[in-house]
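In case you want the letters, here they are:
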Amino acid sequence: SQELEQSPQSLIVQEGKNLTINCTSSKTLYGLYWYKQKYGEGLIFLMMLQKGGEEKSHEKITAKLDEKKQQSSLHITASQPSHAGIYLCGAPGSSNTGKLIFGQGTTLQVKP
Amino acid sequence: DTEVTQTPKHLVMGMTNKKSLKCEQHMGHRAMYWYKQKAKKPPELMFVYSYEKLSINESVPSRFSPECPNSSLLNLHLHALQPEDSALYLCASSWEGDYNEQFFGPGTRLTVL
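If you read the sequences in order, they're chains A and B.
Per this note's numbering, the first sequence starts with residue 1, numbered consecutively.
Per this note's numbering, the second sequence starts with residue 1001, numbered consecutively.
Treat the hints as calculated values from the structure; they're not laboratory data.
The reader is advised that the hints may include incorrect statements.
Restricting the straight-line Cα-Cα distance to at most 35 angstroms, the calculated cross-link-like pairs of lysine-lysine (DSBU-like) are [claimed, not checked]:
#1 A:Lys38 with A:Lys69
#2 A:Lys68 with B:Lys1036
#3 B:Lys1041 with A:Lys64
#4 A:Lys17 with B:Lys1038
#5 A:Lys27 with A:Lys17
#6 B:Lys1053 with A:Lys99
#7 A:Lys38 with A:Lys27
Here are some chain B residues pointing at chain A (derived, C-beta under 10 angstroms) [to be verified]:
#8 Ala1039
#9 Glu1058
#10 Glu1096
#11 Tyr1099
#12 Asn1100
Treat the numbers as computed from the prediction; the structure is a model and nothing was measured.
Built from N, CA and C at the ideal position, the CB exists for glycine as well.
Using the sequences and the accompanying hints, generate a full structural model.
Below, the structure written as structure tokens:
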């Protein structure tokens, strides 16, 4: 079965700094989702990437999908305290079932 | 309306109690999901409903009983739970098939005493 590994597991950055979170798959990635979660709350959809080489941006967050490396990266520019939370990558677990499997998550703290 | 609502927000129950979790969406989605999330772990899929029919049961114990009364509602009936079932229960909905983002509700924090 497919597994997603995220790195780093946790990250503490100073406000204004850039950062990158990686998600590596054990199998070929045909699509990847990024979600953000505040502790004890629901998941907020950030972006979905479907094609190799695809790059999407939303405000100060950019995500890329490298199909060959079976990897996606999430980059935050000029981090703010509002970016703090748990970032989860997710991928379809099996074809056309809607099932999502998730990486273990990356906890981000942004120090003012 | 792009919101998935869940009630209650918090639930404390004994091992002999029967309770239900409720989830509602009005986006016209025909796929609905229940996930279980333990502390510091990612969500794990429990059930998938597609067009109001159960399509996936991830080998969930029978003390959890899902129900989809109509296309907007999803329930999770709980009976004879164990303390290890304490977790955040998340509901999600999406359009059918892969590569459609799942919209998540805020979750129900369940504590089993």
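Hint by hint, here is what the structure shows:
no., hint, in the structure
1, A:Lys38 with A:Lys69, "29 angstroms, holds"
2, A:Lys68 with B:Lys1036, "32 angstroms, holds"
3, B:Lys1041 with A:Lys64, "24 angstroms, holds"
4, A:Lys17 with B:Lys1038, "31 angstroms, holds"
5, A:Lys27 with A:Lys17, "32 angstroms, holds"
6, B:Lys1053 with A:Lys99, "15 angstroms, holds"
7, A:Lys38 with A:Lys27, "28 angstroms, holds"
8, Ala1039, "9 angstroms, holds"
9, Glu1058, "8 angstroms, holds"
10, Glu1096, "7 angstroms, holds"
11, Tyr1099, "5 angstroms, holds"
12, Asn1100, "7 angstroms, holds"
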